[in-house]
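Engineer: Listed here are the chains, written in short residue letters.
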Amino acid sequence: MIELKDVSKTFTLHNQGSAVIEVISDVSFAVAPGECVALTGASGAGKSTLMRIIYGNYLTQAGEIRIGGLDIVRSEPRDIIKLRRDVLGYVSQFLRVVPRVPTLDVVAEPLRALGVPTDEAQDRASALLTQLNIPERLWSLSPTTFSGGEQQRVNIARGFAHAYPAMLLDEPTASLDAANREVVLSLIEDAKARGAAIIGIFHDEAARTRVCDREIDVGRFTPGMAA
Amino acid sequence: MTEYNFAYLDEQTKRMIRRAILKGLAIPGYQVPFASREMPMPYGWGTGGVQVSAAVLTPKDTFKVIDQGADDTTNAVSIRTFFQRTAGVATTTATSDATVIQTRHRIPEEPLHEGHILVYQVPIPEPLRFLEPRESETRKMHSLEEYGLMHVKLYEDISRHGHIATSYAYPVKVEGRYVMDPSPIPKFDNPKLGDMAAIQLFGAGREQRIYALPPYTQVVSLDFEDHPFEASKADHPCGMCGATDSYLDELIIDDLGGRMFVCSDTDYCEARQAAGHKGKDAA
Amino acid sequence: MTPLLSVQGITKRYGAHIGCADVSFDLYPGEVMGIVGESGSGKSTLLNCMAGHLTPDAGHVVFDTRTDGPRDTITMSEPERRMLGRTDWAFVHQHARDGLRMGVSAGGNVGERLMAVGDRHYGDIRDKAMDWLGRVEIDASRVDDRPRTFSGGMQQRLQIARNLVTGPRLVFMDEPTGGLDVSVQARLLDLLRGLVRDMGLSAIIVTHDLAVVRLLADRLMVMKSGRVVESGLTDQVLDDPQHAYSQLLVSSVLQV
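Protein chains in written order, with UniProt numbering: chain A, 1 to 227; chain B, 1 to 283; chain C, 1 to 256.
By construction, these hints were calculated from the structure, which means they are not laboratory data.
Each hint should be verified, as a subset may be incorrect.
Stated by the list, open to error - Below, a list of computed lysine to aspartate or glutamate pairs in the EDC-like style, where the Cα atoms sit at most 16 Å apart:
#, chain 1, residue 1, chain 2, residue 2
1, B, Lys153, C, Asp144
2, B, Lys140, C, Glu80
3, A, Lys5, A, Asp71
Said to hold, decoys possible - To be clear about the criterion: a stretch of chain A counts as covered by chain C if any three or more of its residues have a C-beta under 8 Å from a C-beta of chain C, and this derived list gives those stretches:
#, segment
4, 155 to 163
5, 193 to 200
As the structure is a computational prediction, the values presented were derived from the model and not from experiment.
The beta-carbon is built from N, C-alpha and C at its ideal position, and this holds for glycine as well.
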């Protein structure tokens, strides 16, 4: 489902003496449907960077990234947008929303973008928010005013609203209490059970052991950091 | 008489105006620019109409001038006298005797005939002007037949008053093409514009535009499907002649709120009275 | 798939000065593209060339018309182009007063495009106007008020209603949130996002506000001195800019 072949990434800082920073090089691996792979490695090894590369958020200089058959390195923006809408979900560490939009609509939006009727999308959003223990009185408020943990749960609800065949999860259990952590892990297990290919970053080792089938040490792709 | 060329204007100017008139007749409803001359009267007193009249008058014509339907107002009298002195033409107050009628704000009640010319005095020839101040833009709108804006004006009327409150200078569409301002005639007169036997010429002196309706031209007053055009008048008979089919002026006759309604077309009213018709206020 | 708009080699000079040079891109149905750059970078010139307000010195702007398929709007007759401007195209000006008739009621402003394309039923026009006022969150009781009595944000929303009432397929926006309070901007952005999604609109948004494009645009073009220096997915251009100027632009924004 997700396949990387010889992927390399450098940053060129034109305004700082054109310094070239090599981030990762020659990354190759694949994730099958129903499989969850953990990215591991020391802080700064490039786990989040790699995840952003796979999402198309960072431009890849070399290699091939195939998701559901589409090579995102050589795709038009509209194909990547379609891929993100239909196939590839991403739960980042930070919630980014238009201010003043109610939480319920924030969570329902990925479904609305797919053309799901408002009622149906909101029902699904309500169910997820309930499951993640966001009190109903907050649903009509914008999540921009919420605490960090609440924002993270809204972010997760949004990320799981649509049943994406491929998902990227960046620290989904960070800053969650035990009960909510359990909810998130079961959401991940459900996603695996329906055949989603998942790449995740988990600092929480117990969580990693529970949901991940394999680990990939990103450190070995990082120039100058390889042991 | 020897001091002036026939009908005041020099022959070159009259030729220029006639060319504009002919072009206007060839393109009904289209505003033809012309080099309006200074006339011995101020703008707003009918300089456009006077120039058109001067250009079409012949020595054999009989000339009539009406102002708001009346032959005896200052404006009507002075223009009539002007052409008496500068053209030496016969003048009349009887609609049926006249061959050229210059008018401000009315169409005579009595039907006009082939060979007649009705000359309108026009203050603002551009019907789109109140909503679109740019001349360059209104010209383009005419040339491209973009007339949505005209209906915006009528829409505004209905939204504010519940009905189309425009009661004079009511816009019309000519032969399905040009939207035209019929000059400030009451909308009661609008139905007479269409299919008229006489030639209708419109002159705007200050704005330097001439436009025209040849005989038997199709003229349609703009409206909405659910707010159709209605030619309205005061719901009374004439107090002097008893006519029920003529446009009426309201006169305040004392300071106790007393009022009477009389024909605005003085010639029509007098002719009816002479024929023995009598209204309730007639002496 | 046929692009809705195909811009090919648009160049506009002002004497020796370059307005924009050799700009090309395709916009597909449902896509929202942002154009960013500093003042004088040529983004507004480009927008006005595309929307038919300026005639470019070279290039083509091919629009996929409903009836005749792709047509070059630069060479089509002016009546055809103006007709597009009233039907399939919409233009949202930065200043609402440039896009509204300030002396005409809100209802009349919204109804004008309907009347321009031949609607002649007052009741229907008024119903549609009220419906659109509701969609842009203006109370229907304001339908007979003139826009000069509206706040800046309301005027801008009225301008949007006036433009979208005929169901256009392509909307040009010139700094649509410029000059509005930050809180009003957010509301407008949310409204625009919903309309774009629900109506399947394509849009080209010129702005210097990177937050606006991040929220509204799928794709981004960065312009400098009349030329496109970088283009791509909006979040990719903003988070991983490749060109020196884009990097400078992104790093110049204050973080909040």
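Engineer: Would you mind marking each hint as holding or not holding in the structure?
Structural biologist: Results for each hint:
no. : hint                : result
1   : Lys153/B - Asp144/C : holds (13 Å)
2   : Lys140/B - Glu80/C  : holds (13 Å)
3   : Lys5/A - Asp71/A    : holds (10 Å)
4   : 155 to 163          : violated (count 0)
5   : 193 to 200          : violated (count 0)
The structure fails hints 4, 5 (numbered hints given earlier, in ascending order).
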